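Chemist: With the hints as extra help, turn the sequences into a complete structure.
Residue numbers (the numbering used here), protein chains in the order written: chain Y, 1 to 377; chain L, 1 to 409.
Just so you know, these hints were derived from the structure itself, not from any lab. Bear in mind the structure is a predicted one, so any value in this text is a computation, not a measurement. Think of the CB as a built atom: it goes at the ideal place given N, C-alpha and C, for glycine as much as any other residue. Worth double-checking, as some hints may not be accurate.
Said to hold, decoys possible - Footprint (simulated), chain Y over chain L, 3 or more residues, beta carbon under 8 Å:
(1) 119-132
(2) 137-144
(3) 147-160
(4) 211-224
(5) 250-260
Stated by the list, open to error - In silico lysine to any residue, SDA-like type, Cα no more than 20 Å apart, as pairs:
(6) Y/345 - L/250
(7) Y/345 - L/32
(8) L/407 - L/285
(9) L/7 - L/250
(10) Y/327 - L/136
(11) Y/345 - L/336
(12) Y/327 - L/7
(13) Y/345 - L/81
(14) Y/27 - Y/147
(15) Y/327 - L/153
(16) Y/327 - L/85
(17) Y/327 - L/79
As the list claims (entries may be wrong) - Label-pair restraints from in silico Cβ distances:
(18) Y/293 - L/174: 57 to 65 Å
(19) Y/135 - L/133: 22 to 30 Å
(20) Y/273 - L/171: 58 to 66 Å
(21) L/151 - Y/158: 57 to 65 Å
(22) L/151 - Y/23: 49 to 57 Å
(23) Y/135 - L/183: 20 to 28 Å
(24) L/151 - Y/283: 22 to 30 Å
Spelled out, the chains give:
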Amino acid sequence: MPTDPWNTFANVVADPYTGWAARYPGKRAFGVLCTYAPEEILHAAGFVPVRLLPLPLPLPYQGRGDTSEAHLQSYTCSLARNVLEQGLQGRFAFLAGVLFSQTCDTMQGLADIWRLHFPAQLVVTVVQPVALASPQAQAYLVAELRQLIARLEAHFGLTITDEALRASIRLYNQNRELLRQLYAVRERLSSVAVWQAVTAAMLMPKEEHNALLSQAIGAMAGEVAIPAGSASPARLILTGATLDDATLLEVVEAAGARVVADDLCTGARYFDTPAADAGDPIAALAQRQLQRLPCPCKHRSLEARARHLLDLAARHHADGVVFVLKKFCEPHAWDYPYLAAALTKAGLPHLLLETEQTTPVEQVRTRVEAFLEMLHG
Amino acid sequence: MAEKRYKKLQTAAELNKLLEWHYTQAKYLRFGKPLAWVTSGAPVEILRTMGILALYPENYGALCGARAAAATLCATVESQGYAQDLCAYAKSSLGAMMAPKQAPLGGLPRPDVLICCNNICGTVLKWYEAVARFYDVPLFILDTPFLHDEADALPPHVVAYVLAQLGDLIEFLERHTRRRFQPAKLQEAAELANQATALWLEIRELCKAKPSPLNAPDLFVNMAPVVVLRGTRECVDFYRRLKAEVAQRVAQGVGAIPRERYRLLWDNIAIWPKLYRFYNLFVDYDACFVVDTYTGGWSLQLLGGDPLDGLARTYTGVFLNQSLQYRARRMIEMVEDFAVDGFVMHSNRSCKPYSLGQYDMKRLVSERTGRTGLIIEADHCDPRAYAEEPIKTRVQAFMEALSEQEKQG
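Modeler: See the structure below:
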């Protein structure tokens, strides 16, 4: 039976972790918590990097045993709380280890809490450099990645060769290129399907994702079902951390608007910038990290993120920008006022949507519809 | 109040004068000296050798909290789109920039350069970016990788990274302030910093005495010079006199509170807006905070050898740049060293890196020491996060539990 790629992506995202090992026999999974995770290294070590996300959201409440509330304060973001909750419920028992990347203060704390509670997993942290333009960042990150390799090799008794790393880089670059192609035609697709495709890339074996995605894109060469909408739909850009459910996308499309680009962890920030597949693979991976589109936990320059957002809006002829802000997500909350001011100055309307563990659909709809009316007005 | 719950130190007036001088000098008596705003964990010794003045927005944030100005300043900043959940030190400082007339001391004078070292949190990066945009001044980020692993020595690649950045920092300062770095003077500044931190450490050690000569508010108020004036002679002189006074209290058997029955450990930053009000809740039960995890953060000695290498290691290894596991171990040591009966942890909404993990640390410390712990939800600066009645109830229950334990011996 031929597999429909879109259905596979949708199913993976709907319930990524239940039965993972049975779905991918012979594969070993390694959890990661950030787009900055050096996935190629885990892949070259024989693992499938699997992104830990608040999926499904909301998490079915177990009503017993240890809960995240016993470990994390109420002023912690839903991403950290949901993921820890899933771990405590045993949903991540299939992972051989978990890799944290230095992102924010919350992830920093969660890494240590994780180490206390999941002794069966190898918990490793790659402390990313923060000042990306510093002349010292590359050498430090290379050493940090080499330390990671040494730990994986020692813990699992394996060898990670440069050849294997280069092969993994090529595989990941192929995935990045396919996702780029997907984004190039995303206006002809449902935003939900696009979100599912890119999020599934973080949750399933890359080889399989590449095959399904090229099949999907190949089939698109012909005709594609365009979701019903107005003749000239409002063109929106989403910016924020991870997008953890499809509510916002469904509301946007139901209101006749279209997401034409994004600046999300579960979006363009996952696959931008390929790594060099020749030469020293560790240096290439480090260089990619430093050249990528920065997230707010990193510093390239004072205006880098605003410039990127304005550039994205210009290239995609966007009518407006929606900030998707997780309650208690400090890095993104810190950038919001300056980004909003830059957009206002450029005459680009914007909307702030604050999300919690569960996003009330009605509230999102009211806000989005009012915003779209304003755009059309 | 029939009995004074608080025994004032004679050096208090001197402390006030010293801090007043610190702020006045930066505002009115600079004589052409460049001014840097720096984070509390920045290697200020380098600036001292170059004749660059340094102000500490975190210390200023605490001042805004203590002088009940934080709520207004935070509201000002929140009206500009900053979320209520962001650090109230940062928001107070930004609020003072936006509305200096509402701010204590009329706000801080405009900086020439900004030095942000992230060994205390990730918030300082975002905070200093906002300041740099506001004033359009150059920003240097000193990145000190967080130490998740409890190794005996710092990883060599981490030390090399921080050391190389110190070279960049010196070049940055020379370029933007036109002042020369003088390596010979660094040894002198490092020695002055070491003398002050050694005295401060000795003062804290004196609190092992029963009764303890100091309580938490004393520790919090008197830590200011070791942060904002480290590497200066004035700082050393102040701690010499403070130590003499504290030693005298010990010699005479004088305690910080009228009757010391319980000895407690404090974790996290103070609740500045309610400093005395809050700690007095404990004094009512004859409980004194004899040690804490915060004010000792500035008592690390610079290591010998090459002074820059010593700076790199010292500032990377600070308490707040280390794992939950390390911090729990340090707390356990403090419980034992200071003969502590119980501990109180401030779950500080403004400070996630300090607060996340406290629930597990409470369990770890209790398991290892048999001491009871209490977690209080509040904020180091924003009085809006302080709920008086629930806090009173929790303190009462905690003190009753300690009393029960005491009876059972």
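Chemist: A separate judgement is required for each hint: does it hold in the structure or not?
Modeler: Okay, the hints, checked on the actual structure:
1. With a cut-off of 8 Å between beta carbons, the stretch 119-132 of chain L has 9 residues touching chain Y; three or more are needed, and the interface restraint holds.
2. Beta-carbon proximity to chain Y at under 8 Å applies to 3 residues in the stretch 137-144 of chain L; the threshold of 3 is reached and the given coverage holds.
3. Given as covered by chain Y, the stretch 147-160 of chain L passes the check, having 5 residues with a CB less than 8 Å from a CB of that chain where 3 are the minimum.
4. Counting residues of the stretch 211-224 of chain L whose CB lies closer than 8 Å to any CB of chain Y gives 0, so the stated coverage by that chain is violated, three being the minimum.
5. Residues of the stretch 250-260 of chain L with a Cβ under 8 Å from some Cβ of chain Y number 0, which does not satisfy the need for three, so the listed coverage is violated.
6. Restraint check: the Cα-Cα separation between residue 345 of chain Y and residue 250 of chain L comes to about 63 Å, which exceeds 20 Å; the hinted pair is violated.
7. Simply put, residue 345 of chain Y and residue 32 of chain L have alpha-carbon atoms about 36 Å apart, too far for the 20 Å limit, and the pair is violated.
8. Only pairs whose Cα atoms come within 20 Å are accepted, and residue 407 of chain L paired with residue 285 of chain L is accepted, the gap being roughly 15 Å.
9. Proximity of residue 7 of chain L to residue 250 of chain L is assessed by CA-CA distance (about 14 Å); at most 20 Å being required, the pair is judged to hold.
10. For the suggested pair residue 327 of chain Y and residue 136 of chain L, the alpha carbons sit about 29 Å apart, so the restraint of at most 20 Å is broken.
11. In summary, the hint linking residue 345 of chain Y to residue 336 of chain L is not supported, as the alpha carbons are separated by about 58 Å, beyond the 20 Å threshold.
12. This hinted pair does not check out: residue 327 of chain Y and residue 7 of chain L have alpha carbons roughly 43 Å apart, beyond 20 Å.
13. With a CA separation close to 15 Å, the supplied pair residue 345 of chain Y and residue 81 of chain L stays within the 20 Å bound.
14. Taking the CA atoms of residue 27 of chain Y and residue 147 of chain Y, the gap is about 24 Å. The hint is violated against a cut of 20 Å.
15. For the proposed pair residue 327 of chain Y and residue 153 of chain L, the alpha carbon gap of about 38 Å is over 20 Å, so the pair is violated.
16. For the given pair, residue 327 of chain Y sits about 8 Å from residue 85 of chain L by alpha-carbon distance, which is consistent with the 20 Å threshold.
17. With a C-alpha separation of about 17 Å, the suggested pair residue 327 of chain Y and residue 79 of chain L falls inside the 20 Å cut-off, and the hint holds.
18. Separation of residue 293 of chain Y from residue 174 of chain L is about 32 Å and departs from the stated range, judged on CB atoms against 57 to 65 Å.
19. A C-beta distance of roughly 23 Å is found between residue 135 of chain Y and residue 133 of chain L, which places it inside the suggested range of 22 to 30 Å.
20. Between residue 273 of chain Y and residue 171 of chain L the C-beta distance comes to about 29 Å, which lies outside the given range of 58 to 66 Å.
21. The hinted window of 57 to 65 Å between residue 151 of chain L and residue 158 of chain Y is violated, with their beta carbons roughly 23 Å apart.
22. Taking the beta carbon of each, residue 151 of chain L and residue 23 of chain Y are about 39 Å apart, not inside 49 to 57 Å as hinted.
23. The hint said 20 to 28 Å for the Cβ distance between residue 135 of chain Y and residue 183 of chain L, and at roughly 21 Å that hint holds.
24. Between residue 151 of chain L and residue 283 of chain Y the Cβ separation comes to about 25 Å, which falls inside the hinted range of 22 to 30 Å.
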